[in-house]
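> Heads up: the protein sequence lines correspond to chains W and V, in order. Here the first sequence stands for residues 15 to 281, where the numbers follow my numbering. Here the second sequence stands for residues 36 to 324, where the numbers follow my numbering.
It should be emphasised that the hints constitute simulated quantities derived from the structure, not laboratory data. In this text the structure is predicted, and so the values were computed from the model without any measurement. Please note that a few of the clues may not be correct.
Calculated cross-link-like contacts (lysine-lysine; reagent style BS3-like; alpha-carbon spacing at most 30 Å) [stated by the list, open to error]:
1. W:K203 / V:K90
2. V:K150 / V:K64
3. W:K70 / W:K203
4. V:K138 / W:K26
5. W:K20 / V:K64
6. W:K20 / V:K141
7. V:K182 / V:K227
8. W:K26 / V:K159
9. V:K53 / V:K90
10. W:K203 / V:K53
11. V:K53 / W:K20
12. W:K20 / V:K182
13. V:K288 / V:K298
14. W:K20 / V:K298
15. V:K168 / W:K26
16. V:K227 / W:K20
17. V:K159 / W:K20
18. V:K227 / V:K288
19. V:K182 / W:K26
20. V:K141 / V:K182
Computed list of chain V residues with no C-beta within reach of chain W, every gap over 10 Å [as the list claims (entries may be wrong)]:
21. K53
22. I114
23. D120
24. S126
25. G166
26. P195
27. E224
28. I256
29. G263
30. V305
31. E316
Backbone N, C-alpha and C define an ideal beta-carbon position, used for all residues, glycine too.
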Amino acid sequence: MIPIIKKELREKRTSLMFYIVLAIALTWVYIVLFPTVRDQADSLNKLVQMYPEALKKAFKLEGGGFNTIESFLSYELFSLMWPLLAIILALSRAGSAIAGEVERNTIGTLLSQPISRARIYIAKLLSGHISIILFVIASILSPIPLAWLYGFPVHPRNFLVCSILCLCFASAVYSAGLLGSAIASERSKLYGVVGGSILLMYILNVVSGIKPSLEKLQYGSIFHYFNATDVMLHARLPIGSCLLFIGISVVCAVAGAIIFTRRDISV
Amino acid sequence: MMNAIKLQGVTKLYPNGKGIHDVSFTVEKGKIFGFLGPNGAGKTTAIRTMMDFMKPSAGTITIHGLDSHADSVKLKQIIGYLPADRQLYPSWSGEEHVDLYAKLRKVSPHNDIAKRLHLDLTQKVSQLSTGNKQKLALALALVGSPKLLVMDEPTIGLDPIFQQEIYEILQEYRHTGGTILLSSHNLPEVEKICDSVGIIKEGRMVAVESMQSIRDMSIHIVSIISKGILPIELAGLSNVDVTHINKNHVILKVRGDLNPLLKFVGRHVVLDIEITHANLEDIFLEFYR
């Protein structure tokens, strides 16, 4: 199993490195912009306060502001940009892990070796999680040294707690993606179905916040449970959300392993 | 002699109804078995079920006494597999491939075959020619000295010199007790190196014969040059097919008794006549008439 994990990481090291550097660069840009935003904090906060309540709820613009680095990043980075980056990374990793290998016929290389399909699946699951952990560390924890570098006051605990929620979220998306990858024989189908489902859940979350009559739809969206803004502001770990994401991750991993071990593969 | 491979009533159908039906054959240990059939006949499907890439809907596959599905991991330790489309990672070098195979098989990555085939393992697969990719795939199939080689078109893309080298490697492997199942379109190749052949047609085995029985089959190719045009159609022989005719030169395929033809030919002036046993290609085509 270890050789397959190493193989996976070695194959994807360049793209992962690029992605991590990109995430850190994006965070750096926000850190550099922070003094300008902080100087305008009062007017920006007033502007946000004037937004309709439903819109603030939908985009998680409640309770924070532009006065601290934590609240600024929670608005700018964690409300949309970070989940988007995490979803792209998780789905691309999951897609190439199995469906991509089936598409390129290289899965036959692994299937013809003395290793069970379950172990191949676990190796793919673990290597994907290693990529996600590295991305989470780089993207969520990099603001701490960067803020210190620019002399801004920062609360590392908030970032640490947020990284746990973000890790659980990305893990759930990756495991769901890998489940789709175990079923599909083409990446495009996986991206279409899983990516489309995630987009639908995002729309549900936004719509449920805007239209009170559709409020209950929010419970069907993983974005409802991903309130990184609140975590960044108060350093409180939402145990329920984390357990839900871990549950999704475990269920998808088990289902994916069962499907992968039983399916026919035409290579 | 114990069987290395035994397929019994193996059926695997695709949703479109194609696939293999009730396929049975055995391959003895230490023998080379040629698996013949045109594209879409079911060779690859049979190989996929043997390799446990697909589960048969009926029947059993036993390899070295082990079940191909239940004992899949154990079996893959003793099977070297060379797929038709090579299944290599384009951005990897040959060394990286050998290293991965060796680690998964828990053997030394030392590879004599690569050296013998003058293959540069440091080059990336994407930079290799078709022939060199094939050599790498063959070298990988032999990592860990497997007891059984399952090979789909092993010499495709290789020049005649390296084809010869491959035949020698396969013969040496057979002499060390190894068994080979070789799927091929190259009938002279099969005739040259195989001990027995199985012919599959539209998903069903139509023949499983030793190469000697194939040679002993009473099919002859008769080439006649006569004085004037030989009116072979007047002979009314149902066991004779005209495969070539050009003025006074006619080539015939004769199934069974040659004497009626010879009697008919004896009534004409013959300048030259040559009678040979049909080769595997002629016999193969016979099954596909």
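> Does the claim that V:E316 lies outside the interface with chain W hold up, using a Cβ gap greater than 10 Å?
holds, 29 Å
> Would you say V:K53 is clear of chain W, with no C-beta pair closer than or equal to 10 Å?
holds, 12 Å
> Decide if the proposed pair is consistent with the structure: V:K182 and V:K227, CA atoms, cutoff 30 Å inclusive.
Answer holds: V:K182 to V:K227 is near 21 Å, not above 30 Å.
> Test the statement that V:I114 is away from the interface with chain W: the closest C-beta pair must be farther apart than 10 Å.
violated, 7 Å
> Below or equal to 30 Å on CA atoms is what counts here, so check V:K227 against W:K20.
violated, 42 Å
> Decide if the proposed pair is consistent with the structure: W:K26 and V:K159, CA atoms, cutoff 30 Å inclusive.
holds, 16 Å
> Can the restraint linking W:K203 and V:K90 be considered satisfied, given a maximum Cα separation of 30 Å?
Holds, at about 24 Å.
> Determine whether the non-interface label on V:S126 survives the test: each CB of chain W must be over 10 Å from its CB.
V:S126 not clear of chain W: closest Cβ-Cβ about 7 Å, inside 10 Å.
> With the threshold set at 30 Å, check whether the alpha-carbon distance from W:K20 to V:K298 stays at or below it.
violated, 74 Å
> Minimum C-beta separation from V:P195 to chain W exceeding 10 Å: can you confirm that?
At about 28 Å from chain W, V:P195 clears the 10 Å cut-off, so the statement holds.
> Taking only the CA atoms, is the gap from V:K182 to W:K26 under or equal to 30 Å?
The given pair, whose Cα atoms are some 34 Å apart, is violated under the 30 Å limit.
> Holds or violated: V:K141 with V:K182, Cα cutoff 30 Å?
holds, 16 Å
Violation of the numbered hints given earlier is confined to hints 3, 5, 11, 14, 16, 19, 22, 23, 24; the remaining hints are satisfied by the structure.
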